[in-house]
Amino acid sequence: MAEAQTQPRRPIESGTPDPFPHMHPTLRRNFGLWKYHDRPRPGVLHHVSHTGEEVWTVRAGTQRQMDLATIRSLCDIADEYADGYIRFTIRSNAEISVADESKVEPLIKALQQAGFPVGGTGPSVTMISHTQGWLHCDIPATDASGVVKALMDELHEEFINERMPNRVHITTSCCQINCGGQGDIAINIQHTKPPKIQHDQVANICERPSVVARCPVAAIRPAVVNGKPSLEVDESKCVACGACFPPCPPMQINDPEHSKLAIWVGGNHSNARGVPSFHKMVVAGLPNNPPRWPEVAEQVKKILYTYRDNARDYERVGEWIERIGWVRFFEMTGLPFTKHHIENWHGSRAKLNTSAHLRF
Amino acid sequence: MANKTYDTPKLDELESGPWPSFVTGLKRLAADKPMIAGVLGQLEQSYTDRKGYWKGGTVGVYGYGGGIIPRFTELKDADGEPQFPEAQEFHTMRFIPPAGMHYSTQTLRDICDMWEKHGSGLIALHGQTGDIMLQGTTADQVQECFDEFNEYGFDLGGAGPAVRTGMSCVGAARCEHSCCNEQKIHRMLINNFLDDMHRPSLPYKFKFKVSGCANDCMNAIERSDFAVIGTWRDAIEVDQSEVQAFVARKGRQYTIDNVITRCPSGALSLTDDDQLEIDNSSCVRCMHCINVMTKALSPGQERGVAILVGGKRTLRIGDLFGSVVVPFLPLRNHEDYERLLEIAQEVVDFFAENALEHERVGEMIERIGLPNFLEAVGLEVDPNMIREPRSISYVRMDDWDEQAEKWHQRQQESAAS
Ligand code: HEM
Ligand code: SF4
Ligand code: SF4
Ligand code: SF4
Ligand code: SF4
Chain A
13 MAEAQTQPRR PIESGTPDPF PHMHPTLRRN FGLWKYHDRP RPGVLHHVSH TGEEVWTVRA
73 GTQRQMDLAT IRSLCDIADE YADGYIRFTI RSNAEISVAD ESKVEPLIKA LQQAGFPVGG
133 TGPSVTMISH TQGWLHCDIP ATDASGVVKA LMDELHEEFI NERMPNRVHI TTSCCQINCG
193 GQGDIAINIQ HTKPPKIQHD QVANICERPS VVARCPVAAI RPAVVNGKPS LEVDESKCVA
253 CGACFPPCPP MQINDPEHSK LAIWVGGNHS NARGVPSFHK MVVAGLPNNP PRWPEVAEQV
313 KKILYTYRDN ARDYERVGEW IERIGWVRFF EMTGLPFTKH HIENWHGSRA KLNTSAHLRF
Chain B
1334 MANKTYDTPK LDELESGPWP SFVTGLKRLA ADKPMIAGVL GQLEQSYTDR KGYWKGGTVG
1394 VYGYGGGIIP RFTELKDADG EPQFPEAQEF HTMRFIPPAG MHYSTQTLRD ICDMWEKHGS
1454 GLIALHGQTG DIMLQGTTAD QVQECFDEFN EYGFDLGGAG PAVRTGMSCV GAARCEHSCC
1514 NEQKIHRMLI NNFLDDMHRP SLPYKFKFKV SGCANDCMNA IERSDFAVIG TWRDAIEVDQ
1574 SEVQAFVARK GRQYTIDNVI TRCPSGALSL TDDDQLEIDN SSCVRCMHCI NVMTKALSPG
1634 QERGVAILVG GKRTLRIGDL FGSVVVPFLP LRNHEDYERL LEIAQEVVDF FAENALEHER
1694 VGEMIERIGL PNFLEAVGLE VDPNMIREPR SISYVRMDDW DEQAEKWHQR QQESAAS
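Protein sequence lines correspond, in order, to chains A and B.
Quick note: the first sequence uses our numbering, first residue 13, plus one each step.
Quick note: the second sequence uses our numbering, first residue 1334, plus one each step.
The shape of chain B in the complex, shown without the other chains (with noise of 0.2 Å):
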């Protein structure tokens, strides 16, 4: 018997154009999910009112108290019956994916095929947070399909008051400007919180991101609350032949207008014979002139990671950028990667214990002020934290001394070291 369909005028517009179609992808799946027809009854009616017709509820697994988003019809009849009964129940699993979004297309058949049989068919790769989005199952579905998932190799992400599934750039897989290990990175962070992340039980959600350099491909600064950026402390790698090849292809007046004078910290300047001078005490290590030249610059060899914390949008206090905690932290070692899960553990701990209920770790640090927050965790003040000094003359300062020796005192043993 075939499936009951509903006339969808308005998304049938949306099946012309060059773009994909997601509409001509839901009405093939309609064909055989009645689930989906039913979705797009109730997608029409959205279009036509111009309203949203989905509510949550709670639905769950065994085990987990996060990770699928419950979705249940509003649009019922006069007697309370659904208007599109198929599509009742409409939820969606979150499953985190391998980290920098690497698939062998026989896990992606095998996906497909465990979603065929327990859900829609509808798939979103990915949601803006990184999971995959497998839209449209229904409750009693919900544990057979996880355990069947599960089984296979793939755990469920956060949603809710707790850690969420992280995000990592390409990276070291593909990309010459990563400096770092960003998917060790990216495992080691969220693997080391999966009961934050399966239970939620912080105040509020608490993302990690992870990207290889300060291109910032994964928008960590402005989209977590712990942002993990590679980078490096030495000189940056100049070859100084492919300068020339690159000043003998596009010209000097080229070289200076989007190299030379676009370095916003003043580091640059192209010599007589055509030599890159770099002033690299000066370099904000900001990326571009690696960018343009990516044959004659590389980022330098003494490599690491800068953490900023405290990145959200604008829900209650406005938007804010993650702030630097940790301005360099080398990975040379067991020990380094050791040192920067405990500076997550610490972040997460003093956040779990001290933020109000709803309050993002942005707007905690806003309310408590760094020096606080960084006494808390652990890290030391260092002047790449700031912009600019304090303005402002209402401070208590009476252990000033002591505060000025703390800072003359890590200065030596920075120097003997």
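If we strip away everything but chain A, and leave its shape as in the complex, we get (with noise of 0.2 Å):
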């Protein structure tokens, strides 16, 4: 310790490890080789090189905030059944693959019995992309991991199956940042009330010209308060984005009661057919009401099933909607129309229908 302290270590500046000595020796010999696949049964990738070889890739979900117990019970599978190596998806799913046909089923034995669902490919719901929330995050309104664990206990069948038209991306943010991404259901917690002041702390903690320069719509302005430097939101203005509270916590954003989840639908990142797409808001002021957030899941549920019901085979949510128009998504879901599903921020015209074409 002595040492360290008079001769600080310099870091190795090593930036991303080769992936290569990590991967599937399959996988490292027939790199750039692979040919087509197809998948045996949900939750099983079947992948066919040019050499000749195959592989089978069975993906489980996890709970991506992982204790090491968890972890180290995913590489005694690995270790067991794919001679110690596996990979993780974006969306946290967990991938073993074998070369050897006969250790599917027992891997994927495996791995249920160790409590990890085994799914998540092709026209499944898969696993949620979520963010940090209570657990870790310092603005979060709401949670993220216990909604998440909720919400796909809830659709735990949808990913175990391959029964949705197309595949479906849900994704959950705990504040209108939204670090969970673009979903076909993206769930997000909205606040709804003009920050509120602690005005005796401002000076203290907030850079004051800053904070003024976040605020998208000018609603922030200097003042004094109480004789001391503070600030004032004009609440007319204000849309209660939450820019503020990070640089500036006495700006309070998070209310207990008025934070509200809202649903968004047709967002896709995959540029297969149609270009990719934002996700659009369809439901808001849900109750944020832990652990299990009902209400939400009710009608996340809806909207999903609606579209299994309606959708034609590949068409991911957002295409489906822009098959049969907003008019007949309302409709079909029961869902309120409101004013505050029109655009009216930049560009917002571009939104707005120029032609009479019209559905009825």
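No lab work stands behind these hints, which were simulated from the structure alone.
Note that beta-carbon positions come from the ideal geometry of N, C-alpha and C, so glycine has one too.
Among the clues, some could well be false.
[Unchecked claim] Restricting the straight-line Cα-Cα distance to at most 16 Å, the calculated cross-link-like pairs of lysine to aspartate or glutamate (EDC-like) are:
{"#": "1", "chain 1": "B", "residue 1": "LYS1517", "chain 2": "A", "residue 2": "ASP30"}
{"#": "2", "chain 1": "B", "residue 1": "LYS1583", "chain 2": "A", "residue 2": "ASP325"}
{"#": "3", "chain 1": "B", "residue 1": "LYS1628", "chain 2": "A", "residue 2": "ASP325"}
{"#": "4", "chain 1": "B", "residue 1": "LYS1388", "chain 2": "A", "residue 2": "ASP30"}
{"#": "5", "chain 1": "A", "residue 1": "LYS47", "chain 2": "B", "residue 2": "ASP1572"}
[Said to hold, decoys possible] Residues of chain A placed beyond 10 Å of chain B at every Cβ, according to the derived structure:
{"#": "6", "residue": "PHE128"}
{"#": "7", "residue": "THR154"}
{"#": "8", "residue": "THR345"}
Could you use the hints to bring the two separately framed chains together as a complex?
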């Protein structure tokens, strides 16, 4: 320790590690040589190489926030069946690949026995990509891991089966910054009230000009309150975006009652058929109701099953709505359409109907 | 002596049900790690009050300006003492995983052992920007922990106004759609910008993501400032006997409804003897037909990447997609890779010098206009960059002839080469 104090260690700036030593040998040998794939059953991908080699990949859902025992149990399974290799997907699914077809069923059993659902391939509802929430972020209005656990319990059957028209990506986010990403269905919390300012703290904590500059609608002005420098908000302008809260925590935006969950649909990052799309808001005002958020699950399932029962093969949620139109979407789901569904931000007129194309 | 634990009736409800429960994991950790016992107490309080109780601060390692997300509890009693003293500090260290998120179990086990020693044992695989997030340690453990991971071969990722940890899809390692070497591109780009990752000094965050084809499994176009997407320039490869086998298996109507009419550019037709005709000059390389007929179709042979710059989510001016700044860059040899790096360097340098504080590169392009941006980073205009040409007439056109001449010259040069 004494050494460390006199001579601080310089970091090795190694950056992104080389994946090859971490890749299953069959993947390594056939890098860039894959010919085609199919899906023998939900949760299993079968890839065939131009070299004639084959690999079966079993995909399993995880809880993303994992304790040591959970990760070690995945390692045990990968050691026993897959020569000690594993990879993770962007949505926190674990993928274990085997080069021997006879190992697929035992591997599936082992994963299931250890508590990992097998699925998430093809036209299924795969694991929800999500954020930090109350467990770790400093600005969240709700939890993330808990919402996802509660929802995945409800959607478990859709994870282990492939019975959707196309794949369904769900995301959740614990503030409007939306770290969770775009989704066919996205569940994001929304603040609905302007920030409550603790005036006596602003001067100590906040750099006032930078907070003023953060507000996208110029609703914040410097002010003197009780003889101290503070800030004030023009509440009629405020869009309750929460952007002022990270640089100035005394501008408390989270509100146990008035921060509400909203559901968005039709976000899609694939370019297959249509171009990528952002998700659009369809439901708002759902209560932030831990530990199981039942009101949210109910609305998500309503949208999901309306999509499942009405979309055609290969249509993603957004493509289905594009075909049937928003009039029919609100009709079929029974969701209310309000003035708040109409965009009024930058570029909003591009989203209005400027044609005589009408649906009744 | 047994560790102190707190009652968590609300969190306990998240232990039932078929999906694996993070609460069960946290409880397992809490048996050995008082910090996690405290975190469970605080989280339960959040579930009761519907409020978060962490605040930020500054914690770092020697030589680096970012990569650690400090968390201190805000839950204090009347005397200012933390209500859950074990969880007074709960910092996250962001480490960069191997490209494509492949692991040998030996490595994962070593990570677990090191984190058991220095931290809480809670690991997120992975964050939404791809980091291994080691969640929960104290400021006095951070340096030692970093040193051990760093010697082992792991480096801290980005946080703050910095280049962030990159992401690449599984791609060539296990996907027949791959049009490029995602891992190589990913590592080359990120590892070139380590100084901008470790010593945050950009106007705001800058993210690189690499997807091997237009399916964009990494969500690069929407979620990164610099998206590299594999594509091809020549004709889709067709195995007509596999097309016939597909039609025989699925039927003509299915093929027409799900492949032919779904082509967004009307490039496909099915002949009377079940051959697929493709008008490749109309094809927009969307991947749909190739996704559906995995055996019969593959991307062409003249492969490379497209580059789209400026994707981001709402904050400030609203959601932005990345937009095309390079429609096609072949990656055949060392020089081509050097060119990719040079483009990235130009973009990051121009961003560093010209973006306003807290402005993403997409917002900067919106502010200054794409033509100015292209000129500044040394890229030529191309009709692939737009959906349609200008409709607004207010524009200075006095160098029109010069600009038209440039186009003709470039056309001649490319015809000659
Ligand atoms: C103030 C505290 C914040 C915390 C603690 C936080 C936390 C996180 C974390 C943990 C991730 C995943 C990171 C990783 O994988 O390495 C993330 C991703 C992300 N963050 Fe934040 N974030 C914060 C602020 C912001 C802000 C101000 C924005 C504004 C735009 C933002 C936008 C995003 C986005 C878009 C992603 C996902 C990126 C992607 O998918 O590539 N975050 N955030
Ligand atoms: S969505 Fe908001 S609250 Fe949630 S992790 Fe991201 S920044 Fe934090
Ligand atoms: S919440 Fe958003 S709109 Fe309201 S004052 Fe803060 S920054 Fe401005
Ligand atoms: S982006 Fe394309 S190449 Fe990469 S994994 Fe997805 S489908 Fe395969
Ligand atoms: S890749 Fe897309 S655009 Fe090209 S032919 Fe196939 S379906 Fe049509």
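Verification of the hints:
no.	hint	in the structure
1	B:LYS1517 - A:ASP30	holds (9 Å)
2	B:LYS1583 - A:ASP325	holds (13 Å)
3	B:LYS1628 - A:ASP325	violated (19 Å)
4	B:LYS1388 - A:ASP30	violated (35 Å)
5	A:LYS47 - B:ASP1572	holds (12 Å)
6	PHE128	violated (6 Å)
7	THR154	violated (7 Å)
8	THR345	holds (23 Å)
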